[in-house]
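Here are the chains, one letter per residue:
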Amino acid sequence: MKTITANRLTDGRVVYRTIDEGWSENATQALRLTPENAETALASALEDQLIVVDPYLIDITGDVGDFTPTGRKHVREAIRLTGPSAGSTKEIAHVSIR
Amino acid sequence: MYQYDEIDRALVDARTAQFREQVNARLSGALSEDEFKPLRLMNGVYLQLHAYMLRVAIPYGVLSSEQLRSLAFIARTYDRGYGHLTTRQNIQYNWPRLVDIPDILDHLAGVGMHAIQTSGNTIRNTTTDPFAGAAADEVADPRPWCELVRQWSTTHPEFTWLPRKFKIAITGSPEDRAAIGVHDIGLRLIRSKAGEIGFEIHVGGGQGRTPVIAKKIRDYLPQRELLAYLTAILRVYNLKGRRDNLYKARIKILVNAMGADCFARAVEAEYEAVRGRALTVPVEEIGRVSAFFAAPPEGRSQTTPPAAPGYDRWHGVNVKPHRVAGRTIVVIPLKAPGKTPGDIDADQMDLVADLADRYGLSEIRVSKEQNLVLPHVDESALESLYTLLDGARLATPNADKASDIVSCPGLDYCNLANARSIPVAQQISRNLHESGLDAVAGKVTIKISGCINACGHHHVANIGLLGVDKAGQEVYQLTLGGVADGDAAIGKILGPGLNAGAAVKAVIACVRVFAEKAAPGEAFTQTLARLGAAPFKEAVYGV
Ligand code: SF4
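Protein chains in written order, with the working numbering: chain A, 1 to 98; chain B, 1 to 543.
Calculated directly from the structure, the hints in this document are not laboratory data.
Ideal Cβ placement from N, Cα and C applies to all residues, glycine included.
Hints should not be assumed to be uniformly reliable.
[Said to hold, decoys possible] Restricting the straight-line Cα-Cα distance to at most 27 Å, the calculated cross-link-like pairs of lysine-lysine (DSSO-like) are:
id: 1; chain 1: B; residue 1: K492; chain 2: B; residue 2: K505
id: 2; chain 1: B; residue 1: K470; chain 2: B; residue 2: K505
id: 3; chain 1: B; residue 1: K537; chain 2: B; residue 2: K443
id: 4; chain 1: B; residue 1: K470; chain 2: B; residue 2: K492
id: 5; chain 1: B; residue 1: K165; chain 2: B; residue 2: K215
id: 6; chain 1: B; residue 1: K537; chain 2: B; residue 2: K505
id: 7; chain 1: B; residue 1: K537; chain 2: A; residue 2: K73
id: 8; chain 1: A; residue 1: K73; chain 2: B; residue 2: K215
id: 9; chain 1: A; residue 1: K73; chain 2: B; residue 2: K470
[Unchecked claim] Pulled from the structure, derived: some chain A residues nowhere near chain B, Cβ distances all over 10 Å:
id: 10; residue: S24
id: 11; residue: Q29
id: 12; residue: L33
id: 13; residue: T34
id: 14; residue: E36
id: 15; residue: T40
id: 16; residue: L42
id: 17; residue: Q49
id: 18; residue: L50
id: 19; residue: L57
id: 20; residue: T61
id: 21; residue: D63
id: 22; residue: G71
id: 23; residue: R72
id: 24; residue: I79
id: 25; residue: G83
With the sequences and hints as input, model every part of the structure.
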């Protein structure tokens, strides 16, 4: 199974393509694609260049509402999905006003 | 320190306004991502795994307290309350929104800072000795020359589209603390037999995929001719450097292909054409710029012996001799046990800025070891300073110790990474402290990079770790014997790659061998040279 991910243009945050051809930070809403329909869905996602930067396909496994990245880049995609595994983003209480 | 004049201010303001327009054009669709990407990179804006990253130049690692407070303000207001100091003496923010970056650049411009040329195939921020102007062993202060290089190279039209990025380092001390051997150009300030100050010139060093130690191409260059000679080197590189292959585009490849002698002859020919003319720096200009970097006044000596618990150890490790009586250099390691190397939160930035105002002539430095330095501390204030630093976890006595680990952001943030660096660094740090090894081991450097781009300087670590991707798994290659400063050397691979847990154990095992087998006062490289790699190999691989 595959889905499509990208970074949002305005703030760079990780987003996933949704069923209604939108984008969401909420990975549970990520579209599920088969090898057959993946390229067509990607072509449509690539049109959204005012919303996202450089959408691409990733390999995933798991049930609807919960997925795990697989394939060669699975560690990278898992870190994108759940945030940095270490570092100050985890250690420091957020004081950002945003 | 140097203060912007009207020309600097106008340039930075114009560039900030221009970038605001470019961001708006991207948001409106007037610019595509392909068109926008080189523009944002020219202004230090990368897109990483989770967000944009903004790299702000800290010119040759020198900061005023006012500038550090502004960096704290930006961290709090536009980021997640912290910044990451890099091995090139810059600061990176990991979470800014693109739409906020023009405002951030406005704030930076207000305190004489910017992000220009912190990316792209241009001349980057010059690195230098974090103890410049303070080191007891200094021949001449490199900062006026770093500043002249900054002014010459900023938006230099001829050198804005080089074959690849270009990095210059300058040291003013015989004990090189600027790693001049692994820069595209490494400059050492020396005194000639006649007592004149000039430069020894090294070219073609670098790390990354093809680590190389720079070759000396000139024994002595009169200081006034520096910009003419740099122009000559860059002209040869710009014309002859490869542009067909990203991995072969750095000057080190060109110097190697031509041979250092042939490259030097080509540079000398170019130099003949430009020397003694407009690029020769007028004596008055050297005087004008140098005046910004005047030596600090004498400080006051300590009158009563300090009694604070832990003070003596801190003083023995983190405090360095100053050239001026009554002053000392204080290293502030951002390396508390288990902490992310180089990260500093906004409160700590504000505290260091306040302490610099109270005790250190308002000046702060960033080191390539990802630490802060107060270069001009009044000796009589050392105990008060220690107590306040200790309260903010900024007094860990580990400058130049094993746990003073250098680490790039790695796969937790970086788009180019193969493997994580930060959790590995944190685990090594914890183990070193918990085992007590950090206190007993002598001088040893540990550096970690998440990929072959080597931002963590692993090639020149005594003990280096490089993250590689092996069929989708994070694997670490262990190298021993690298040296960054002085007689620079590239580390050699010790054995097969290791997973993260094994890599942590391997590094600890190497430090333990060093601690147990070092002769009194011996540094890691000396022990390694004396014993060879065998005992380390046996400790790591059991063979
Ligand atoms: S060494 Fe590689 S992983 Fe580390 S910051 Fe540089 S590019 Fe990223």
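Tell me if the straight-line CA distance from A:K73 to B:K215 falls inside 27 Å. violated, 39 Å
Checking one constraint from the list: CA of B:K537 to CA of B:K443, max 27 Å. Satisfied? Holds. B:K537 to B:K443 sits at ~20 Å (cutoff 27 Å).
A:L33 remote from chain B - nearest C-beta pair above 10 Å: holds, 21 Å
When you check the alpha-carbon spacing of B:K492 and B:K505, does it fall within 27 Å? With a Cα-Cα distance of about 18 Å, the restraint between B:K492 and B:K505 holds, given a limit of 27 Å.
A:G83: least C-beta distance to chain B exceeds 10 Å? The claim is violated: A:G83 sits with its nearest Cβ about 7 Å from chain B, within 10 Å.
If you draw a straight line from the CA of B:K537 to the CA of B:K505, is it 27 Å or shorter? holds, 13 Å
Beyond 10 Å from every chain B Cβ - status for A:L50: violated, 5 Å
Starting from B:K165, check that the Cα of B:K215 is at most 27 Å away, please. holds, 19 Å
With d taken as the least Cβ-Cβ distance between A:Q29 and chain B, does d exceed 10 Å? holds, 18 Å
Classify the label on A:S24 as holds or violated, using whether its beta-carbon is more than 10 Å from each beta-carbon of chain B. holds, 15 Å
What's the verdict on B:K470 and B:K492, does the C-alpha distance respect the 27 Å limit or exceed it? Satisfied, since the Cα-Cα distance of roughly 20 Å is no more than 27 Å.
Taking the minimum C-beta separation from A:G71 to chain B, is that value above 10 Å? violated, 7 Å
Hint compliance for this structure: hints 7, 8, 17, 18, 22, 23, 24 and 25 are not met, and every other hint is.
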